[in-house]
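Q: Residue numbers (our numbering), protein chains in the order written: chain U, 17 to 276; chain H, 334 to 593.
One should not assume that every hint holds.
[Said to hold, decoys possible] Here's a subset of chain H near chain U, in silico, CB distances under 8 Å, partners left out:
hint : residue
1    : Thr367
2    : Ser368
3    : Pro369
4    : Tyr462
5    : Arg465
6    : Phe468
7    : Pro470
8    : Asp483
9    : Leu494
10   : Thr496
11   : Phe498
12   : Ser499
13   : Ala509
14   : His510
In case anyone wonders, no lab produced these hints; they're calculated from the structure.
A virtual CB, placed ideally from N, CA and C, is assigned to each residue, including glycine.
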Amino acid sequence: MTSLMGHPSGQTVGYSFSQPTAAPVKEHSFYPYTDNGGSTLGITGSDFAILAGDTRSTSGYSINSRMVPKVFKIGGDDETGKGAHILLSVVGFAADGNALKERLDAVVKMYKYQHGKSMSVTACAQRLSTILYGKRFFPYYVHVILAGLDEEGKGALYSYDPVGSYEREECRAAGAASSLIMPFLDNQVKFKNQYVPGSGEGHALQPKKAEPLPRETVEQLVRDAFTSAVERHIEVGDNLQMMIITRDGIEEIFHPLKKD
Amino acid sequence: MNHFPEAWGRPRDDVYGAYNSTYLQTSGPKAHTTSPAVTGTSVLGVKFKGGVVLATDNLASYGSLARFTDVKRLRVFGGKAVVGFGGDVSDMQYIDRLLESIDIRENYSSHGNMLNAKNLHTYLAKVFYKRRSEFNPLWNHILVAGFDADDQPFLSSADLLGTTFSSPHLATGFGAHLAVPILRRKFPDERGIETISREEAIEALKECLKVLFYRDARSLDKYSIAVITQEGIDLREDEQIEGQSWAFAETIRGYGSQTS
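Looking at chain U on its own, in the form it has when it is part of the complex:
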């Protein structure tokens, strides 16, 4: 009895040989993604936003190139990005990152041609989320950060996961060294674990209140974050690219980082 009931395949045991009807499914071995390393970071202030990234491109332990920028101007008038008012940083799988950048750039340009006005950062942020979610089941394998100025002229920063979940934030690190940079930002931008000296004992201690930092401080924080990340992460290095957006336009600054 047990020999009849306990057949592992769950099929009935026939008295003649049965022909297999379906061939075993062949498995795909092609993996369509790779990690090109690198790290990005964005911080906002009261009247500006900074997006930064290193310029190294890697494949495994190899350095592909020392100069592949990760921060782009979106919706500019020409290929130099002149006239743009939105910044985008992409880190992760570089081919997806490029495709995504080109798509968003085309969308923002088309918006201007069709509506006769520039796309707001808020609208662009929502559109970017929709683009990412549109490939929910074959995602763009990238962590993106969008930056610009909002309707009030304040710095605006939006960070995304690969499938389009997004949130407006004051600061965000993404990519290979995000786990090294983000806690530093929490402490230095959001003043986490910092208290007002002498305000009390134990739970009575007053947390130090976070407020927008001046541009010079933020630029120095970005440089410090990257010089430190370079020391501890092999996929980060070569050069630091910083884009600063203010009401006067976009400024791009390069700084050398360690090349080892």
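Once you've looked at the hints, dock chain H against the given chain U.
A: Relative to chain U, chain H alone:
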């Protein structure tokens, strides 16, 4: 005879048994190239003052078998650009056919603007990215050399995933490990390509090809080299690596038959 025309002319099931169709894959994913078959190894490229040099050997391997020893892996496009192919040779021949048709179409067009190396690279990278997104990759890693729209020397890479990057010196496959460090030492970034002469660049690539022949088991001492300048392309396809010295081989210990 029965009354089912689809059975006429076929072996009778009651005599020969049902037709065994298991070898036909009827369900599951469509079979695509999941691994390359006949492959070419490294492609090397260096920029110099006024141009670019590209080199490959003339071997197409079938696994570890040196199958075809006279395969040209450099392709001239439009008299101003050269593409160097590594990876699957049949996919190379397919891309070659694509380029042929583009070249003809462009030559018949009335606008008179020929595609430069940068345009060509963008196109090929998009072909690669499209095919990887369809899970049907073209199994190649290529270098594109020539000039950009401002007539500056151009050298860039694209691979089966659609990943792209650019650098003053590039190499694919084994060359990324063996040739790039040699090139980076000879031509450090601080030197700038303006100080590198045509002769120096050619000599450097010949040296790299020799090192690759010593250490890459899927390489050959017959090679092709293309020098791209504004004056035109000097393509030599039947070159021989010169000045080999295998004296160092005597001193190698630790594996193979000489274990101590």
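Q: A separate judgement is required for each hint: does it hold in the structure or not?
A: So, going through the hints one by one against the coordinates:
no.: 1; hint: Thr367; in the structure: holds (5 Å)
no.: 2; hint: Ser368; in the structure: holds (7 Å)
no.: 3; hint: Pro369; in the structure: violated (11 Å)
no.: 4; hint: Tyr462; in the structure: holds (5 Å)
no.: 5; hint: Arg465; in the structure: holds (5 Å)
no.: 6; hint: Phe468; in the structure: holds (6 Å)
no.: 7; hint: Pro470; in the structure: holds (6 Å)
no.: 8; hint: Asp483; in the structure: violated (12 Å)
no.: 9; hint: Leu494; in the structure: holds (5 Å)
no.: 10; hint: Thr496; in the structure: holds (5 Å)
no.: 11; hint: Phe498; in the structure: holds (4 Å)
no.: 12; hint: Ser499; in the structure: holds (6 Å)
no.: 13; hint: Ala509; in the structure: holds (5 Å)
no.: 14; hint: His510; in the structure: holds (7 Å)
Hint compliance for this structure: hints 3, 8 are not met, and every other hint is.
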